[in-house]
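2 protein chains.
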Amino acid sequence: MNPALGWGTTTFLLLLAAVVCHGHVERQEQWEEVPQLGESRFGSLWPLPQNVVISPVAFMLRSSSFQIVHSAESSAGPGCSILQSAFRRYFEYMFGYTKNQGGNTKKGQDSEVTELQVWITSADSECDAYPSVTSDESCEFPEPMNFLIFFTCFLFACLLNTNLPHKYIVFTVSFCINKTDVQDFPRFAHRGLLLDSSRHFLPVKVILANLEAMAMNKYNVFHWHIVDDNSFPYESTVFPDLSRKGAYHPYTHIYTPTDVKMVIEFARMRGIRVISEFDTPGHTQSWGKGQMDLLTSCYSGENPTGSFGPVNPILNSTYDFMAKFFKEVSLVFPDTYIHLGGDEVDFTCWKSNPDIQAFMQEHGFDKDFKKLESYYIQKLLDIVGSTKKGYMIWQEVFDNGVKVRPDTVVEVWMGSNYQEELQNVTAAGFSTILSAPWYLDYISYGQDWQRYYKVEPLAFKGTDAQKKLVIGGEACLWGEYVDATNLTPRLWPRASAVAERLWSNQNVTDVGDAYNRLTQHRCRMVARGIPAEPLFVGYCDQEYKGL
Amino acid sequence: MNPALGWGTTTFLLLLAAVVCHGHVERQEQWEEVPQLGESRFGSLWPLPQNVVISPVAFMLRSSSFQIVHSAESSAGPGCSILQSAFRRYFEYMFGYTKNQGGNTKKGQDSEVTELQVWITSADSECDAYPSVTSDESCEFPEPMNFLIFFTCFLFACLLNTNLPHKYIVFTVSFCINKTDVQDFPRFAHRGLLLDSSRHFLPVKVILANLEAMAMNKYNVFHWHIVDDNSFPYESTVFPDLSRKGAYHPYTHIYTPTDVKMVIEFARMRGIRVISEFDTPGHTQSWGKGQMDLLTSCYSGENPTGSFGPVNPILNSTYDFMAKFFKEVSLVFPDTYIHLGGDEVDFTCWKSNPDIQAFMQEHGFDKDFKKLESYYIQKLLDIVGSTKKGYMIWQEVFDNGVKVRPDTVVEVWMGSNYQEELQNVTAAGFSTILSAPWYLDYISYGQDWQRYYKVEPLAFKGTDAQKKLVIGGEACLWGEYVDATNLTPRLWPRASAVAERLWSNQNVTDVGDAYNRLTQHRCRMVARGIPAEPLFVGYCDQEYKGL
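Note that the protein sequences, when read in sequence, are chains H and Y.
Everything in the first sequence is counted per the working numbering, starting at 18 for the first residue and increasing by one.
Everything in the second sequence is counted per the working numbering, starting at 18 for the first residue and increasing by one.
Pulled out of the complex, with its shape left as it was, chain H reads as follows (with noise of 0.2 Å):
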């Protein structure tokens, strides 16, 4: 369940020489009794990497001269789609949209950078493969011939003064770099981010521009929680009914499978795995209108009422639309796992119905409805087992004691005494990852990321083993208050601080240093057109130009 489609270790090399440049000096208000904005010794880099060293030697960029390109040693080459993608961008994170002007390419004074060399040292530079939890994301920039990254361990554009640019001459722009050592790779391995498409619709451009932010904090897994109660935004095709009558609208509010190709290939440059979300039995209102008899029917004494509850378990055509659907969902996400949810099942629905009452006696299961939802999933789980798909599941489906396999991620989301719940999953040998501390949508005043960044997600009595099976957490924006409308600044950079959680060490806990490189992080995401709202009073050089 875990193929190792590992990049192994990528290697950009860097040709440096000296300059002298300005340092960005923050502007700083006095007088305000507030969070003291100040320079971090390490910028504007976010996550921090695990090891770095910034030298106060800097070397100078021009747009006119500078050039990423890859090295002769490297495994992979112009025919990498994912590295040309990756150089474009950052070509022009790094110096706008300027073009090289033909004649201005003057080669190499001392005191220039003219070339990233990128080196991906692996044998199988793996350029048309999906990434994975075990994707080596590690990266060095040894000094002083440097260099960098892979995916989302790409910095070169982080360690840039990109504050300060100056028209060099008319189409050139330069920069100032300092020498830097770096040897990065990130604490945990699955870093999410959950975007909930079904209380409201996102259009595909809004989950396209939070996969770019995404990738500029290192997230690597876009937990996709595409359908719910609400709406069926999923175009099935083989059953084309469940987004025609249980979507928004059946045209303009659904996925269609274009939009959903379009998501996970944007995903797959920026080194982030798209893993969605069909939760069942529960949250599956919307999957009713298209799909006759798949909700249980609820009762009033003898006689339905005409509303309905979670998927009825009870029937085998059940079991058939799920074998088929998950089917086709393990076709279109190509992701080695699948959420199924399996959270909040409400049983008042279930008992009413006499017909799952008559089940439940049959079966032996007395009042239990625990043993019935049981019943369901585990049959759920082997239909998608034998999709060798593996699964991720929200906490309840453990603590009921649903027999899952032993390479089931349960998703820790339940914020009551979460320590305790991370105990118990990997006491009982599961992997799990912790949700519960980051729930983005409770919004409140002032900078509660300082909040989401104290969280250690370790901090739960286990041994060595058991922490290791922690394998990552995931920062949730449920959808109820949000759309394309505000998702995006009220996501930004408040998952910033979740994001060098997981990545950074262990050791990396100060608020005042994270707080003036967040500062200037949100800033430069602001100029990469992402709409990230400010921590607090200031000002970003180039200000957000949309609306």
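Everything labelled a hint here was simulated from the structure, so no lab data went into it.
Given the structure is predicted, the values throughout are model-derived calculations rather than measurements.
Heads up, a few of these hints could be off.
Because identical chains cannot be distinguished in the list, a pair is counted as satisfied if it fits within a single copy or across any two copies.
In silico BS3-like links for lysine-lysine, alpha-carbon gap of 27 Å or less [to be verified]:
#, residue 1, residue 2
1, LYS222, LYS562
2, LYS262, LYS562
3, LYS562, LYS278
4, LYS420, LYS344
5, LYS420, LYS341
6, LYS405, LYS485
7, LYS384, LYS368
8, LYS368, LYS388
Model the placement of chain Y on the given structure of chain H, informed by the hints.
Frame of chain H; chain Y shown alone:
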């Protein structure tokens, strides 16, 4: 101070006849245990008119044949720029940017509304004047031959079932409109919104977009908290150093005289007054950067600390400066009122300064720094009074017993026990506006618009005469945590709740009905390009197209 610029009763004449149309059925999620979304009998009207009767009889409008014209009896004609601007704006709201296609203009089927006649009934149309607190914003739309609006009272486009446009023939958009009888006028004359361009600079584009949204919500005062401690973006022609040294950036983060003019004219076209606030003597740190000796030098014992406190009230140069500065301001901002601030003066620095100590003794103020504050404010009020402007002040000026002119407007902002403050201010005979319960910068999870909506401004002990002194209220969005990235969605539709409270009848208090109308109203704002955030789960036919 309140010149009667009243616009008089304004009348639109609308020719109607009958056709059958479908009503728009709002999608209702039956299973949602939440505010039950349904159809209001008032459709999507927001804020609710004082008197409205919507008949089920429906008429059709087609872009190809519909016109807005000046009635022959109107005192205004094609030369009235405000009306021409309104005609264009509302035509575009109704039909988008579809243009009349010459050939198709077949006149008047029986079922069709072909003309909206605008009839300004007052003798003086005052098309070139600025709106004021005494402007007449009433309007009628008498059934069956109707008409409508002015300024903030233009609600024709709200009566349309705008969610049901369908292409009639190529290049023609048609709509249904119900036969409707409306008499309308605002409950309160001052319906303001405060934006703060000092904590964060707000690009002119953002301000204009929010003026547009204000007009859609019948706000008629833009309270521009233009400068504060953090930055001084107002470019003064007399004291250019104020913004050159006090703005976040002297070119990119300032409002030039042209910018200011544009804002004022854009507002005027929408019946919105622009009241600028230049807050002193506190909240003035940024002023000190470009104006030597304006602020008080703070001391530690006998030595200056190098930091500065409020405006220095003991120097003649201070008042010379203020006289020149406010003379400029009084010419730049045409509104008859200026907001002078006066809130939150911290006495610590004044107390530390030996010159001020000596001055206090000289003037017999003893240790009562409120007396010094009053001394300053009274001199300032005399200066501003000489410019023939009226002034508004924050409540502390009243609380501290400063002697102010009888026509001063006191703004009540302190959260605790604002009812008692309203009682005291009005008992002393002052006009007042309420903002305390409407600090929209304090965000929280869920539907906090309901909290704003439930406020009753006159729910304090006082005589009828006292209640009449409450001339309105203001929603305040202070700028600590908002800038161009997140201001607009954070403001709307939360500020819409305040707008209805200030416009509609006191008995309009049904939160459920408000929810139904506001849900549609926010989608209307979205369709018109304002990224107003969602109230709860659901969708708009036209989602926001930006990011």
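Hints, one by one, checked against the model:
no. : hint               : in the structure
1   : LYS222 with LYS562 : both (17 Å within a copy, 9 Å between copies)
2   : LYS262 with LYS562 : between (38 Å within a copy, 24 Å between copies)
3   : LYS562 with LYS278 : between (29 Å within a copy, 21 Å between copies)
4   : LYS420 with LYS344 : within (22 Å within a copy, 79 Å between copies)
5   : LYS420 with LYS341 : within (23 Å within a copy, 80 Å between copies)
6   : LYS405 with LYS485 : within (24 Å within a copy, 74 Å between copies)
7   : LYS384 with LYS368 : within (9 Å within a copy, 75 Å between copies)
8   : LYS368 with LYS388 : within (13 Å within a copy, 73 Å between copies)
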